[in-house]
Structures are given as C-alpha cells and as structure tokens.
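Peer 1: Read off the chains here:
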Amino acid sequence: MNRSRFRSTLLASILLAAFSLPAAADMVYNRGNSADPESLDPHKTSTVYEAHILRDLFEGLVMQDATANLIPGAAASWTVSPDGTVYTFKLRPDATWSNGEPLTAEDFVYSLRRLEDPATGAEYASMLYVIKNGEEVNTGKAKPETLGVRAVDPKTLEITLKSPTPYFLEVLTHQATYPVSKASIEKFGAEWIKPGNLVSNGAFTLSEFVPNDHIKLSKNPKFHDAASVKLDAVNYIPTEDRSTAIKRYEAGELDSNDDLPTEQLADLKKKFGDQVKIGPYLGTYYYAIKTDKAPWTNPKLRRAVSLLIDRDFLAEKVWQNSMLPAYSMVPPGIDGYTPAEADYAKTSQIDREDEAKKILDELGYGPNKPLKLEIRYNTSENHKNTAVAIQEQLKPFGIEVTLVNTDTKTHYGHLEQKGDFDFARAGWIADYKDPESFLGISRKASGNNYSSFNDLAFDKLMDEAAAAGGDPAARMKKLAEAEKELIDQLGNLPLLYYSYHDIVSPKLKGWQANVMDVHPSRFISK
Amino acid sequence: MARYVLRRLLTAIPTLFLIVTLSFFLLRVAPGGPFSQERGLSAEVKANLERVYQLDAPLWRQYLNYLADLLHGNFGPSYNLPDFTVADLFRVGLPVSMQLGASALLLALIIGSILGILAALRQNRGVDYGVVALATAGSTIPTFVIAPLYQLVFALTLAWVPVAGWGGGALVNKIGPVLTLALPQIAIVARLMRGAMIEALRANHIRTARALGLTSFSVVVKHALRGAVLPIISYAGPAAAALLTGSVVVETVFAIPGVGRYFVDAALNRDYTLVMGTVVVIAVFVIVFNLLVDLAYALVDPRVRYE
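Residue numbers (the UniProt record's numbering), protein chains in the order written: chain A, 1 to 526; chain B, 1 to 307.
Any given hint might turn out to be false.
Heads up, simulated DSS-like pairs for lysine-lysine below, C-alpha to C-alpha not over 25 Å straight-line [as the list claims (entries may be wrong)]:
#, chain 1, residue 1, chain 2, residue 2
1, A, Lys247, A, Lys460
2, A, Lys460, A, Lys478
3, A, Lys507, A, Lys230
4, B, Lys174, A, Lys247
5, A, Lys216, B, Lys174
6, A, Lys357, A, Lys346
For the record, the hints were derived by calculation from the structure and aren't laboratory data.
Owing to the predicted nature of the structure, the values given are computational and were not obtained by experimental measurement.
With the hints as constraints, model all of the structure from the sequences given.
Peer 2: Structural data, given as structure tokens:
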C-alpha cells in the first residue's frame with residue numbers, strides 16, 4: 001500500500017467511525033437473573049429464571065402484562081365452547097417470526113405436539129395432560145398426531161381438552177406452551193437455540209449467549225407491538241453470588257436483580273429504601289410429613305407438632321420478614337379464592353401450645369416416652385436455621401428432633417424414591433395463577449405427593465372441583481373445601497409463604513410488583 | 001529424553017482409564033440423579049427424559065458407551081445445560097480460567113521468589129519478618145474474604161475497577177480475580193523460596209564461591225538460586241494444574257465464566273457428563289504438569305538424567 005492510499009483509507013475509516021456512531025445511546029437494561037438458564041428451548045425449561053428470558057424471546061397464545069394479568073399474545077382473541085372443552089384461538093394477522101415468516105396455527109400444532117412427544121423429554125409435558133390425548137401421546141400410547149390440537153386455517157387454532165379446565169388460559173402463560181419454529185429446528189437440529197440460529201416471535205431476539213457471563217437480547221423489529229417496546233437490548237446477567245449481585249447493583253453494573261441476600265435484608269432496606277421490593281409471591285414453604293408411617297399416620301399427632309411451631313418467629317427471626325407465616329397451602333393473592341387457613345391461625349401461640357400439650361398427653365408422649373422426629377432438609381443456610389429453630393421450639397415439649405442435611409439432588413432423590421423420613425422440607429411455586437397448582441400435588445397419584453397423603457375425601461373434592469369446571473365460583477368453593485380437608489388432616493405442614501424480593505433501580509420505568517414476580521422487559525424502559 | 005517423554009505419556013493412558021472408570025462408578029453411587037429436583041417429575045416424564053439421555057440402559061452399557069464416546073473425543077451433552085455439549089462449555093470456559101490461572105501463577109512465581117530471596121538474604125532482620133508476616137497472612141486469609149474486601153475497597157469505594165464480571169476479557173475485570181488467586185500462591189512461593197535459599201546459602205560450594213571472591217550477585221543468582229529453585233519447581237507443577245483449571249470461589253464471587261465452578265456445580269447437580277469431562281481435563285493437566293516438572297528438574301539439576 002503506498003502512502004497516499006494509506007492516508008485516504010485512514011481518513012475514510014475515521015469518517016466512517018464518526019458517522020456510524022449512534023445518534024443517541026442505546027437503551028440497555030442490565031438485568032440480574034439468579035442463574036443462567038439450563039436451556040433456551042421452551043420445551044426443556046422449568047425454572048423461574050428461565051421463564052424471565054423466554055417471556056422476552058417468545059410469545060405464547062396469551063401472555064402476562066406488567067402486573068401478571070392475562071393479556072392476548074400471539075392470539076388476538078379466542079372463544080370457548082359452551083361445555084368448556086374446545087378453545088378456538090384467532091391468531092393476529094400480523095404475527096410473524098423474527099425472520100419475517102408468518103406465524104401460523106400450524107406452528108402451534110407442531111410445538112404442542114413436540115412438547116408431548118416422548119422423544120422430546122419435556123419436563124412440563126404433564127402440565128398439558130389437560131389437552132385431549134396429551135397423556136396418551138406423552139406416554140407413547142398414542143401418536144403425536146392424535147393430540148387434541150388442530151389448525152382450522154392458517155390463523156385459527158383449535159385446542160380440545162380432556163375435560164373443562166377453567167385455568168387453561170393461565171396454563172398457556174407458561175413458557176412450555178410457547179411456539180417454536182419447525183423450519184429452524186429441522187434446519188439446525190440441536191443447534192437451533194444458538195445465537196444466529198434462534199428464530200423467535202417475542203419482543204426480543206437472541207444476540208449473544210456466553211454461559212455464566214451474559215445473554216444479550218435485542219429488540220425484535222418484526223414484533224407486532226415493536227412500536228411500544230422501548231429497550232434496545234436486555235443483558236441477562238447470572239448472579240449466583242447474591243452478595244456480589246448487590247455490590248454490582250450498587251456500582252451500577254446491574255439495573256435490577258431478582259434475588260437478595262435475605263440474611264442482610266434489614267441492612268439492605270435501610271441502605272436502599274424502596275429500591276428493595278418485597279411482597280407476597282405465589283409460593284409455599286412447607287414440610288412434607290410421612291403420613292403412611294407410624295406414628296405420623298395419626299392426624300392428631302401431626303396437628304400437635306404443627307401447633308407447636310411458632311411461624312411468626314420463623315418469619316421474623318430466621319427469614320427477616322422475607323417470608324410470611326403460613327397456615328394454608330394456597331397462598332393469598334389468587335383472584336376469587338380464599339385460602340382455607342388452619343383453625344388455629346388466629347389463636348395465640350400459648351393457646352396452641354396448651355392444645356398441643358393436651359394431645360401429646362392423650363397420646364401418651366412425655367418424659368418417659370419422648371416423641372422422636374427426624375427433619376430432612378436440603379443444603380441452605382436458611383433451611384438449616386429454620387429446622388434448628390423448630391428443633392428448639394419442640395424441645396420443651398419433650399419432642400426430640402434430629403436433623404439430616406443432604407444436598408438438593410440427594411434430598412429430592414430420597415423423596416422421589418419414597419425413602420424413609422419423618423418430616424422433609426419442600427417448597428412449591430405456582431406455575432400458573434390457580435389453587436389447583438398447589439392442591440394437585442397432594443392428590444394420591446401425584447408425583448409430588450411427598451407426604452404420601454392418601455385421603456379419599458380430598459381426592460373426591462378435587463374431582464368435584466374439576467367437574468364443576470364450567471362454573472368458576474362453584475369450582476373455587478370446592479377447591480377451598482378440598483384445601484380445608486388437606487389442612488384439617490395435615491396432609492402437609494405449610495410453614496411460610498414465599499415473598500418476592502427484588503432490588504430495582506429508580507431509573508427503571510414500568511417495573512411493577514406482582515404476586516407472580518413476572519416482569520416482561522417489553523414493558524420496561526430506562 | 002524423547003523416549004522418556006514417550007514412555008511417560010504412554011503410562012498416562014492406563015492412569016486416565018483408571019481415573020475415568022473410578023469416577024464414573026463413584027458418581028453413580030451418589031444418591032439422586034440429574035432429574036431429581038424440588039418440582040418432582042411425573043414417572044412418565046422422567047422415563048422419557050432418561051430414554052432421551054440413554055440413562056435407562058444398564059450401567060455397564062452406559063459405561064461402555066461413555067468410553068467409546070470418549071475415545072472419539074466426544075464428552076457428550078451436559079444433562080443440566082442441554083443447549084451445550086461438555087466440549088462447548090470447556091471451549092468457552094477453559095481459556096478464561098487458563099488466562100487467569102497463568103497470570104496468577106506467573107505473578108506468584110516472580111513476586112514470591114523475589115520476596116523469598118530478599119528474606120533469606122536478610123534472615124532474622126526487618127525485611128525477613130515483614131515477608132514472613134505477609135506470607136502467613138497471605139496463606140491464612142481465605143479467598144472468600146479477600147475477594148469481597150477487594151470489591152468493597154477498589155470497586156465500590158474507590159470505583160477504580162468493576163465489582164465483577166468478565167467484560168469480554170477487559171484488563172480491569174481481570175485484576176481482582178488474578179490478585180485474589182495469586183495472593184495465597186505468592187505467600188507459599190515466598191516461604192518455600194526463603195527456606196530453600198537459606199539452606200542453599202549454607203552449602204559448602206557457596207562458601208567456596210564466596211572464598212573465591214565471586215560477587216555476591218553471582219553467588220546468589222548463579223549458584224545458590226539453582227539449588228533453591230528445585231522445591232519451587234515441584235510445587236509449581238501441581239499448583240499450575242490447579243490454577244489453570246479455575247477456582248470455584250474466585251469465579252463465583254467475581255462472576256467469571258470459567259470452568260472452575262463446573263466441578264462443584266456439576267457434582268451437586270449430578271450432571272454426570274460434565275463431572276466426567278472436568279475430571280478428565282484436570283487429570284490431563286495434572287499428568288502433563290508433573291511430566292513438565294520432572295523435565296525441568298533435569299534441566300536445573302545436573303544429578304537428574306533421563307535415559
């Protein structure tokens with residue numbers, strides 16, 4: 001290269017650099033997320049931190065707004081047959097994939113079949129057993145083509161259910177029901193979720209994914225409501241170390257984080273004021289009780305132990321008010337439903353202790369015949385502290401508590417295998433806003449029935465609630481009756497309701513607190 | 001020499017095979033599995049998942065399949081991060097961990113050696129006490145204390161560096177992790193060097209060299225250091241293997257996308273393939289660095305010869 005040419009190239013590149021600078025800085029949201037997603041394939045995800053990202057990338061038939069209320073998504077409208085079993089969705093005429101191809105009813109048919117196809121190995125396949133033939137397809141007894149999902153025309157989708165399911169639309173807000181692109185899965189195989197390959201239909205598209213570092217999403221100009229999406233990009237930053245996350249937030253490296261070191265909660269509130277967001281969340285922290293093993297087969301004894309546990313102390317002292325005392329399995333916050341609290345919820349701890357003492361005396365437990373109780377919990381400072389506090393609370397009443405701590409996989413492996421225990425820690429976070437989500441796990445046949453609760457009356461009420469599908473008020477009433485049975489019989493021991501605990505910069509606009517802790521980036525700006 | 005290296009590499013094969021076999025079966029003895037979790041899976045769904053990942057085959061068949069894949073250089077998919085293969089994860093993470101580890105090791109060797117030599121030359125004087133105190137502090141204060149302290153002082157109070165993150169590999173992002181990794185190593189190297197140097201300076205040939213009127217610089221650097229460096233070399237081998245494969249504490253606190261955390265996370269998640277991949281990688285590093293140590297010995301110590 002001769003000198004003059006070098007000079008002109010240099011000049012050209014300087015000019016180019018000068019003019020290619022963006023007129024205004026891009027609006028980027030650095031969003032702390034408690035962990036990296038296990039997968040970006042909606043059919044292979046299960047966690048809350050994956051749901052945040054997928055909600056930005058994809059759009060299901062229905063979605064949630066900034067307050068977690070149901071809004072139309074890829075479907076502009078829908079009708080339900082009078083018997084409540086056939087849902088007909090009209091897709092938006094302008095709905096497209098991020099590569100510009102139209103989004104069709106056929107795409108949803110493909111996606112739902114893929115979810116139920118046993119070859120996919122989707123964790124959430126069982127949530128959609130409510131669709132006709134869903135279970136049969138997933139267990140290999142029927143072909144995916146027999147699933148009750150049909151494209152009437154390119155923009156009309158018909159879903160037939162096994163029986164009326166009033167919470168079906170809420171189920172459809174879950175990421176497992178989002179559409180995936182058949183063309184790109186067939187073209188790229190397992191690589192379809194990689195940046196550059198991933199075709200999505202949500203407000204954002206995938207730009208970068210460096211595991212354990214960041215995931216960058218960029219605004220999708222083809223999104224039907226792109227005009228109202230203000231952010232240019234969202235960086236999802238995994239924040240496994242919660243203390244580091246707070247420091248990064250303080251230094252301005254993060255605009256928000258979806259978790260807090262709860263042991264520092266009081267200090268954080270003092271330091272950050274209303275940037276710390278805490279409120280009720282649809283989740284219950286409970287102990288499973290081995291109800292098919294003596295002496296725990298006796299509901300009276302289960303009640304005595306429940307009475308002796310001072311939940312206010314747990315919430316205030318152990319969890320620094322990042323949890324609330326719980327007396328029901330279903331947390332408050334679901335419209336149209338009043339949780340069935342235990343009858344001792346409103347009595348004082350002293351009265352409860354008196355009643356418990358009476359029961360223990362009656363059953364012959366005392367200094368000569370101490371009640372032995374083993375609590376198993378999975379590794380976590382707060383789970384340990386909770387169990388230790390309960391150990392101390394039960395001690396004065398002659399109950400000898402031993403603690404067994406194992407790592408999470410061992411813990412749940414043990415529960416799945418129906419291993420031996422007395423009490424075991426568990427938690428349940430709602431997948432969709434309906435009491436069914438919390439009560440269904442105590443049905444005899446549920447894989448999550450760690451307590452081996454086997455109560456005919458409960459199962460019958462749950463069946464009746466399902467049958468009352470067409471009448472929401474009657475259904476809720478039946479569900480509340482079922483919950484009352486569960487609580488009276490102590491099929492589980494609810495201890496605390498979860499609360500969400502986020503930290504959110506005042507710079508962020510559009511972030512709204514809600515019981516599902518759902519915050520789609522499309523409604524947020526900076 | 002070449003024959004020796006070849007022989008060592010050949011004996012590494014049965015060693016690796018043994019490590020892989022032991023780890024494979026030990027891992028399966030641990031209760032729970034990759035799909036045990038808070039939200040239990042229905043039996044049907046779990047059966048599907050196990051079929052997809054070929055975990056439904058008898059254990060001996062899974063083992064043979066794994067060996068066959070490994071021989072083809074295929075570490076398999078990660079169970080808990082199904083979007084990535086184990087090889088993908090190492091391709092992204094290993095260079096990050098190696099950069100940090102190598103920088104920390106280099107820093108430790110240089111600073112540690114200088115401090116050690118200075119202390120040895122001024123034994124039982126101010127400098128020596130200073131170095132010994134520093135070395136004791138460096139090796140007793142744990143990384144999980146140093147790292148947050150560094151973040152508090154340099155990132156939050158002084159705002160010279162970011163709190164955490166990799167920042168695409170920017171220098172400012174590396175300072176904290178490298179210093180945190182290097183500090184305990186500096187302490188160990190300094191102590192080793194001090195001890196070895198004191199020993200070496202008492203040797204007969206050093207007295208002879210001094211008597212011959214060699215300059216003090218020549219005595220220390222040319223004659224004493226050559227003997228004193230041997231313990232450092234034996235230490236540096238395993239230390240390099242450990243540092244280059246990442247540290248779980250440093251990577252978690254500084255949010256570094258390295259491979260150090262996989263060893264712990266993958267084991268806790270029962271991510272069988274990822275644990276196996278980590279075991280193989282670390283084993284290879286240990287074997288290679290031990291070989292390098294032995295070769296370095298031959299270079300430095302004339303009494304060691306490999307035929």
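Peer 1: I'd like to know which numbered hints this structure contradicts. Please list them from smallest to largest.
Peer 2: 1
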